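Participant: Model the full assembly from the supplied sequences, consistent with the hints where possible.
The UniProt record's numbering puts the first residue of the sequence shown at 1, with every later residue one more than the last.
Among the hints, a few may not be true.
Unchecked claim - Computed Cβ-Cβ distance ranges for the label pairs, DEER-style: (1) Thr-20 <-> Gly-138: 33 to 39 Å; (2) Ser-104 <-> Thr-127: 32 to 38 Å; (3) Ala-128 <-> Ala-88: 15 to 21 Å; (4) Gln-113 <-> Thr-78: 14 to 20 Å.
If you're looking for bench data, these hints aren't it; they were derived computationally from the structure.
Bear in mind that the values here come from a model prediction, so they are computed numbers and not experimental data.
We put the CB at the ideal spot given by N, CA and C, even for glycine.
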Amino acid sequence: MAIFDAMFELDDALDLSTHTATEVEPSTNVINWGASDLEMGAGEPLYLNVRVATAFGSSGSATLKVALKRETDGTIDTDSTTIWETNAIPVATLVAGYRIIRMSLPYNVDEDQYTGLLYTIGTTAMTAGTVDAWIDHGPQSSYDTQVSESNI
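Facilitator: So, in structure tokens, the structure goes:
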């Protein structure tokens, strides 16, 4: 299982249920690649994980897109450079535990000082739904990091 570093947490139960169609929401946190105490992943691949924490709901056929963005300042928005983006994901797919993104970060993720996510609600508004997002050393297994299990 990968090690989780709080400095690499982008979102912890970010609520996307209050947004109207076509509205965007940046990640709660951004990664500042210029921080002096940021020493994760030297010579190793890093992985972006975005997971549905609470199932999404909608009164219509809402969709969600997630974009990995980079920026020279700390403000992630529609003008930020898009590194990678998902297709529109239908609300019916966004059930608790669903992995929206689980991928190694591209080589150019740190070309600008800041990296974050931008969530876009499409078609109609969401009525429920939260996401968790983080960067770590490896794609997560099916076990949650805060669950203690033993086979003894």
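Participant: Report the numbers of all earlier hints that the structure fails to satisfy, in ascending order.
Facilitator: none
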